[in-house]
Amino acid sequence: MNQLNTGTTVRPEKSTDTVTQPGRGWKVVVHNDPVNLMSYVVMVFQRVFGYDKEKARRHMLEVHEQNRSVLWTGEREVAENYVHTLQQWQLTATLERNEED
Amino acid sequence: MKKIEIKLNQDALAPILDHIKPLAGEIRDDLVVEPQLHSDMDADLRRFWKQDLREKLGSDSDALMNLFGRRFFEEGVIEINPDNADAVLRASAAIRLLLRQRSLKHFPDESLESGNVAHNEMSLEEQRSYASYLFLASIQEVVIDHMDIILGNA
Numbered sequence: 029m030n031q032l033n034t035g036t037t038v039r040p041e042k043s044t045d046t047v048t049q050p051g052r053g054w055k056v057v058v059h060n061d062p063v064n065l066m067s068y069v070v071m072v073f074q075r076v077f078g079y080d081k082e083k084a085r086r087h088m089l090e091v092h093e094q095n096r097s098v099l100w101t102g103e104r105e106v107a108e109n110y111v112h113t114l115q116q117w118q119l120t121a122t123l124e125r126n127e128e129d
Numbered sequence: 023m024k025k026i027e028i029k030l031n032q033d034a035l036a037p038i039l040d041h042i043k044p045l046a047g048e049i050r051d052d053l054v055v056e057p058q059l060h061s062d063m064d065a066d067l068r069r070f071w072k073q074d075l076r077e078k079l080g081s082d083s084d085a086l087m088n089l090f091g092r093r094f095f096e097e098g099v100i101e102i103n104p105d106n107a108d109a110v111l112r113a114s115a116a117i118r119l120l121l122r123q124r125s126l127k128h129f130p131d132e133s134l135e136s137g138n139v140a141h142n143e144m145s146l147e148e149q150r151s152y153a154s155y156l157f158l159a160s161i162q163e164v165v166i167d168h169m170d171i172i173l174g175n176a
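These protein sequences, in sequence, are chains W and B. In our numbering, each number is its position in the first sequence, counted from 1, plus 28. In our numbering, each number is its position in the second sequence, counted from 1, plus 22.
Source of the hints: derived by calculation from the structure; they are not laboratory data. Backbone N, C-alpha and C fix where the C-beta goes; we use that ideal spot for every residue, glycine too. Hints may be right or wrong, so weigh each one.
[What the hints assert, rightly or not] Once the Cα atoms are required to be at most 35 angstroms apart in a straight line, the calculated DSBU-like pairs of lysine-lysine come out as:
| id | chain 1 | residue 1 | chain 2 | residue 2 |
| --- | --- | --- | --- | --- |
| 1 | B | Lys-72 | W | Lys-81 |
| 2 | W | Lys-83 | B | Lys-78 |
| 3 | W | Lys-81 | B | Lys-127 |
| 4 | B | Lys-78 | B | Lys-24 |
[Stated by the list, open to error] Which chain W residues face chain B? A few, computed with CB under 8 angstroms, are given here:
| id | residue |
| --- | --- |
| 5 | Asn-60 |
| 6 | Pro-62 |
| 7 | Asn-64 |
| 8 | Leu-65 |
| 9 | Ser-67 |
| 10 | Gln-94 |
| 11 | Val-106 |
| 12 | Asn-109 |
| 13 | His-112 |
| 14 | Trp-117 |
| 15 | Thr-120 |
| 16 | Thr-122 |
| 17 | Asn-126 |
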């Protein structure tokens, strides 16, 4: 993820808390890419998931530092819609089965 | 309608627009990133999924290039409003990804991020690609910084 000239190193202050629909088995995962701006990714997470800026930023940093972040878990159909929307925003997003179920 | 106007230097931007225009045409026809779809997704859904992404990217590309119409050539002004803001952001992201995949693939991420790239070691094609890459990022940053105003939330 691209920081574009700020020269600042940033790290997640705490682990992200993913919104989970109980008993449902699909994850929406966003993967790191070297192009999209950090501010862009934060804005997309806010717009798509309705997260506040701080939570969206924590997920963005998790993607940046750990190469992936689980943004949402729940029903497959809803998860597919989220993945499709994130791909429209040119983010690398995948649908994965939640092995914890 | 809420909007922001950005004043640009037409002369300075002309070679960048010449560089971006064919790329915008390319993303009208095909995706920049092949979507990773789940292995058990059926063929019809895969086809529909990709077709929808293509159509969306095509309309996003049109929205970006429509910024550079008559008003831009007469006054150097582009207008971002609630109707085109998201599309401009998405199309800019797509073209930046395409530039990175093609002309800028030999440069390390860190160099591109920091701007610490030796321009004299770049070919003309790479210089124009990098200028386009930075220009589109700047547009994205301005739009994101003013999104509350554009969407009427401020």
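Quick rundown of the hints versus the structure:
1. Proximity of Lys-72 of chain B to Lys-81 of chain W is assessed by CA-CA distance (about 30 angstroms); at most 35 angstroms being required, the pair is judged to hold.
2. Only pairs whose Cα atoms come within 35 angstroms are accepted, and Lys-83 of chain W paired with Lys-78 of chain B is accepted, the gap being roughly 28 angstroms.
3. Distance restraint check for Lys-81 of chain W and Lys-127 of chain B: the Cα-Cα separation of roughly 32 angstroms lies within the 35 angstroms cut-off, and the hinted pair is therefore satisfied.
4. At most 35 angstroms may separate the alpha-carbon atoms for a hinted pair to count; Lys-78 of chain B and Lys-24 of chain B meet this at roughly 24 angstroms.
5. Hint status for Asn-60 of chain W relative to chain B: violated, with the closest Cβ pair at about 10 angstroms, above 8 angstroms.
6. At its closest, the beta carbon of Pro-62 of chain W sits 4 angstroms from a beta carbon of chain B; the interface hint therefore holds under the 8 angstroms criterion.
7. With a least beta-carbon distance of about 6 angstroms to chain B, the hint placing Asn-64 of chain W at the interface is held under the 8 angstroms criterion.
8. Evaluation of the Leu-65 of chain W hint against chain B yields a held restraint, the C-beta minimum of about 6 angstroms falling below 8 angstroms.
9. The interface hint given for Ser-67 of chain W holds, since its Cβ lies 5 angstroms from the closest Cβ of chain B, which is under the 8 angstroms cut-off.
10. Hint status for Gln-94 of chain W relative to chain B: violated, with the closest Cβ pair at about 16 angstroms, above 8 angstroms.
11. Nearest Cβ of chain B to the Cβ of Val-106 of chain W: about 14 angstroms, over the 8 angstroms cut. The hint is violated.
12. Hint status for Asn-109 of chain W: violated, given a least beta-carbon distance of 11 angstroms to chain B, over 8 angstroms.
13. Evaluation of the His-112 of chain W hint against chain B yields a held restraint, the C-beta minimum of about 6 angstroms falling below 8 angstroms.
14. For Trp-117 of chain W, the suggested interface contact is upheld, since its CB lies about 6 angstroms from the closest CB of chain B, less than 8 angstroms.
15. A least Cβ separation of about 7 angstroms between Thr-120 of chain W and chain B falls short of the 8 angstroms threshold, and the interface hint therefore holds.
16. For Thr-122 of chain W, the suggested interface contact is upheld, since its CB lies about 5 angstroms from the closest CB of chain B, less than 8 angstroms.
17. Among the interface hints, the one on Asn-126 of chain W is violated; its C-beta lies about 13 angstroms from the nearest C-beta in chain B, farther than the 8 angstroms criterion.
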